[in-house]
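Numbered according to our numbering, the sequence shown spans residues 604 to 723.
Everything labelled a hint here was simulated from the structure, so no lab data went into it. All values derive from a computational prediction rather than experimental measurement. Hints should not be assumed to be uniformly reliable.
[Unchecked claim] Here are the in silico distance ranges between beta carbons for each label pair:
id, residue 1, residue 2, range
1, K628, I707, 35 to 41 Å
2, S697, A720, 33 to 39 Å
3, L659, T631, 35 to 41 Å
4, T634, Y660, 38 to 44 Å
By construction, the Cβ of each residue, glycine as well, lies at the ideal position given by its N, Cα and C atoms.
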Amino acid sequence: MLLKNNLILLAAGIVLFLLNEYLLKPSTANTFVHGHLNDVLIIWVFIPFVNVLLSLYRKRNLRFESLLSCIVLTLGIGITWEYLIPLFTSNGTSDPIDMLMYVIGGVTFWLMHKTLARRT
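Produce the complete structure using the sequences and hints provided.
Here's what the structure looks like:
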């Protein structure tokens, strides 16, 4: 069931990300939609994708499912994307608000994951 739930959340994250890119952004000038919503939604794609990959590993109990593990992972992602990668690229910039959006994405992923787990 956990694999199924991760696949559902992965699909939901991809659909929401694409809806934001191709429907919401062209129809609004809202700064949150243009600047930060995808930062939340990409985590909905990233965490379940990692969990699906981890389910292929022999130790099937290794997943990001607890609130703490989701927050730690999103902080690691944020530090990498916002502070380490810009050190090596000329067009990268750091945005601390993006860090917050990644964590919000991790928390909302965890909430949805818990909700799905209760239903199955």
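- Query: Per the hint of 33 to 39 Å, is the separation of the Cβ atoms of S697 and A720 within bounds?
  - Reply: holds, 35 Å
- Query: Do the beta carbons of T634 and Y660 sit within 38 to 44 Å of each other?
  - Reply: Holds: the Cβ-Cβ distance is about 40 Å, inside 38 to 44 Å.
- With respect to the beta-carbon atoms only, verify the hint that K628 and I707 lie 35 to 41 Å apart. At roughly 19 Å between Cβ atoms, I707 and K628 fall outside 35 to 41 Å, so the hint is violated.
- Message: Can you tell me whether the CB distance of L659 to T631 sits inside 35 to 41 Å?
- Response: holds, 39 Å
Of the numbered hints listed earlier, the single one contradicted by the structure is hint 1.
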